[in-house]
Every structure is written in structure tokens, then in C-alpha cells.
Amino acid sequence: RKEVEQDPGPFNVPEGATVAFNCTYSNSASQSFFWYRQDCRKEPKLLMSVYSSGNEDGRFTAQLNRASQYISLLIRDSKLSDSATYLCVVNMGDYKLSFGAGTTVTVRA
Amino acid sequence: DAGVTQSPTHLIKTRGQQVTLRCSPKSGHDTVSWYQQALGQGPQFIFQYYEEEERQRGNFPDRFSGHQFPNYSSELNVNALLLGDSALYLCASSLPGLAVRETQYFGPGTRLLVL
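Those protein sequences? They're chains A and B, same order as listed.
Residue numbering for the first sequence follows the working numbering, starting at 3 and increasing by one per position.
Residue numbering for the second sequence follows the working numbering, starting at 105 and increasing by one per position.
It is worth saying that the hints were derived from the structure and are not from the lab.
On a predicted model such as this, the values are computed, not experimentally measured, just so you know.
All clues given are correct.
Derived BS3-like pairs: lysine-lysine, alpha-carbon spacing no greater than 30 Å straight-line:
hint, chain 1, residue 1, chain 2, residue 2
1, A, 47, B, 117
2, A, 47, A, 81
3, A, 44, A, 81
4, A, 44, B, 117
Bound conformation, chain A alone (with noise of 0.2 Å):
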């Protein structure tokens, strides 16, 4: 079973609407939890830390399900520019960072 699984999409949405996807992990010892984002081409970056209690920045919403062990990231208002892969990655305590395939999320006008 791979540590982080994601469903790849691709997620074709209007802009102005909403999207959501999640993302699981394996190992229940997992620490820490982002999203980053991938332009195509491009090196990842880092669009949000997830805390246990859930957080927001701007448009975007993270969740965190320890219980069940996933991870979710929410879109709001959609724009032309949030077109990207959006790559869910775990920190396990071991100096290393756990990325998923990505999710590809196409916003079109």
C-alpha cells in the first residue's frame, strides 16, 4: 500500500465553483500534513500547513481526519489561476516528507 494515495482527477470545474478532494495516508504515526501546489513543469510549493483542527487561508479550506486517516483540501470561488496539481504530502517524524501522486484540478473560464 503506498503512504499517501490521492485521486489523481482530473477535476474539471467552472471558475467560481467549489472543489473538494482528499487524500489518505498509511501510517497512523504520521505528524504533520500539507498541500502543496505544481504548476506544470514547475517545483512544488507550499500552499498550506493542516492542523488537527482544520484551517483556512483565504479560498482554501485543509481538514485533517486522524480517525480515519485522511486529509482534504477545499476550493472555494474558484479561479483560472488555481489550475494545478495540488499534492497531498505527510511528514511521519522521520526527517522525510511522503508526497501523493497529485490531484490535477482544471478551472476553466
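Knowing the structure of chain A, use the given hints to seat chain B on it.
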């Protein structure tokens, strides 16, 4: 404030050759991690260097080796290149801090093609 830099940006090699990739961490960071990202996949952890020592290693063969210099910059060396080594190689830097909380910042990557 310079971010993470990597060189070269692109590289073409043939099977059996050796390659060296270079990385300079973000200002103030002293920990460097290397990742391999194949097309359509997420980055896979190769190893991490801290205080010039390899601190953690992922599931990669010994053909992959590295080094960290006193100025915190780092090199990734791959020997006996295989076609399957074709990928984007990403360097990430972070503060030493507590491992569980530290965010890693990525460089633009080196795109390696093995023919």
C-alpha cells in the same frame, strides 16, 4: 533573499554515465533533501543531509550518493545511469528545527534525460 537554486536546469546523458547535480539552499537553511519525480508521480525522497552527514535515506540504490559542503550546499551523484533514472530531480531546503514541523522549500529542479 535567494530561494533554493539548482544547476544545471537540464541534462542529457547516456546509459552507464555518471551525473552530478548541485543545489544551494535558501538563505538561513542548513538542511538539504533530494527528491526524484518521475512523470505523473509525486516526488520520492532520496536522502537528506544535515551537518554534512546523510541523516535519512529513502529506498534508492547505492548508485545514488550525495554530499553536503560546509556552506550547506549539496550535490547529488548518480552512477551507472539507467533509462529509469530519467526524471525531475528536486532539491529542498529547510531549517533544522523539529523535523515534524519544518516545511521544506523546493528549488526549480534539474530535468535529467537518460538515453
